[in-house]
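Same order as they appear, the protein sequences are chains A and B. Take 1 as the starting number for the first sequence in this note's numbering and just add one per residue. Take 1 as the starting number for the second sequence in this note's numbering and just add one per residue.
Every clue listed holds true.
PhoX-like cross-link-like pairs, simulated, lysine-lysine; straight-line CA separation at most 20 Å:
hint	chain 1	residue 1	chain 2	residue 2
1	A	222	B	222
2	A	229	B	222
3	B	251	B	265
4	A	222	B	229
5	A	265	A	251
Here are a few chain B residues that face chain A, going by a calculated C-beta distance under 8 Å:
hint	residue
6	57
7	129
8	169
9	171
10	173
11	204
12	211
13	214
14	221
15	222
16	224
17	226
18	229
The hints are simulated quantities; they were obtained by calculation from the structure and are not laboratory data. Just so we're clear, the structure is a prediction, and the values are computed from it rather than from any experiment. Just so you know, even glycine gets a beta-carbon here, dropped at the ideal spot from N, CA and C.
There are 2 protein chains.
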Amino acid sequence: MARRVAYLGPPGTFTEQAVRQHNPQADLQPFPSIPGVALAVASGIAEEGVVPIENSLEGSVTDTLDILIRQAGLFIRRELVLPIEHCLLVMPNTTTSDIQVIYSHPQALGQCREFLERCFPKAQLVASLSTAAAVGDMKESQLPSAAIAPHRAAQLNSVEVLARGIQDNSSNVTRFVVLSDSDSPPTGTDKTSLCFSFAQDKPGLLHTVLGEFARRDINLAKVESRPSKQSLGDYIFLIDIHGHREDPDVKEAIEALRSQSSMLKIFGSYPRWAE
Amino acid sequence: MARRVAYLGPPGTFTEQAVRQHNPQADLQPFPSIPGVALAVASGIAEEGVVPIENSLEGSVTDTLDILIRQAGLFIRRELVLPIEHCLLVMPNTTTSDIQVIYSHPQALGQCREFLERCFPKAQLVASLSTAAAVGDMKESQLPSAAIAPHRAAQLNSVEVLARGIQDNSSNVTRFVVLSDSDSPPTGTDKTSLCFSFAQDKPGLLHTVLGEFARRDINLAKVESRPSKQSLGDYIFLIDIHGHREDPDVKEAIEALRSQSSMLKIFGSYPRWAE
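If we strip away everything but chain A, and leave its shape as in the complex, we get (with noise of 0.2 Å):
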């Protein structure tokens, strides 16, 4: 039977690709949301759930991280990389100079500021609530208008694509996990995720425990603060160091982390992405 995925749809998104690209034989499972997949996986409706997590232009995706700290029983099983490439989307038979509205999420616009600017400097920009419903807000649009959305959207809307790639910045990617209820094994190139917090803020607590993983060797591939939501200030850190938690220099410094920290937990150790 094929394996259920629940993925951030609808279908049509950049995490709809991700998932084809995971598992090409996935029975495939759109929710509306990134908590709505993370309850899907945690609930058994699903195996697997994908989501975003960073984007090399906008940052950490805050709701999944949010989810990795607060919700129980899920794990990071893989990590996925892959470009995003924006597409100009169109009803058929639309003339470019009558273009006077182009619609995308927020995040979308902005990655191809600089392609509006000299192209369409005159149209109308409106935000939609993703790349997916941008194309249905065009489709219902009164004036002649225009979608920015992945290329795959246009086969599910039967619309047309009247240009590719039309993002600033070539380095755009976006980086997804792939989240289930256990970890990955050991594979020799792994990466671990984990978030802590203190009890209390001392100077120079941060920099001990950081301590932990650059003495032993191990490279910290990332840093993070997310707030606590308790009061401003207090913090939970997010970090992901290489290697996995069954190494024994990896064991050695979470387990010593740990006994600094008020609260520890591993989002799962995983292969790392080959470039």
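We have chain A; now place chain B onto it with these hints.
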């Protein structure tokens, strides 16, 4: 002459409240975006600009961080911390049981989730571009509707306040910063914000530089990372430390950090907000 202060508008937003608290005599100039406020200050249209930088539930306002990283000639002169109180606004003579649609910015809808589920389980929640825009969306709605917005938006729009303080978490506060062409002189209880990055990714580099502060007993109030926009895994670190950039120990630590980083930018030193 009244000081010209740009802020993230329109009138009725929480940022307008912050400007009024910062300078009740200011000549208020609303701008539609955070980059717009920054440019107004950098170009001299306004002498100061006020933007949100961090919320205790949602985390950093990444537009503000990116502006501080990239815009030259812009400094933080002051910080203000304001409690965020959401209200439910309706058109005069609306009956609670009639409400079918509730408009607000997605962050505000998220911050009032419990209230909405308990009191309006059947209402449709619709995203608006800002809490101020939500009031306009409500006024134009064909169906009986409500908007979640600040109290002041009710006065400005001649609508009624049906409920106050409807946010789930009473510790919901937002930190705002006042941007200007210079920062503040030392007061004895200051904070300094800066960013830096490394030319190469080496295990322990972040640990080493944080050691410059730990060794001098300088409290690290915040650590954050933002994408460099070059490639995934290439970060700019943002830190807030206690002390003024002219304090001898802070100055020494920053110089030591500068010698180890490929880029370092000081956003400014300013008085710490007294809770």
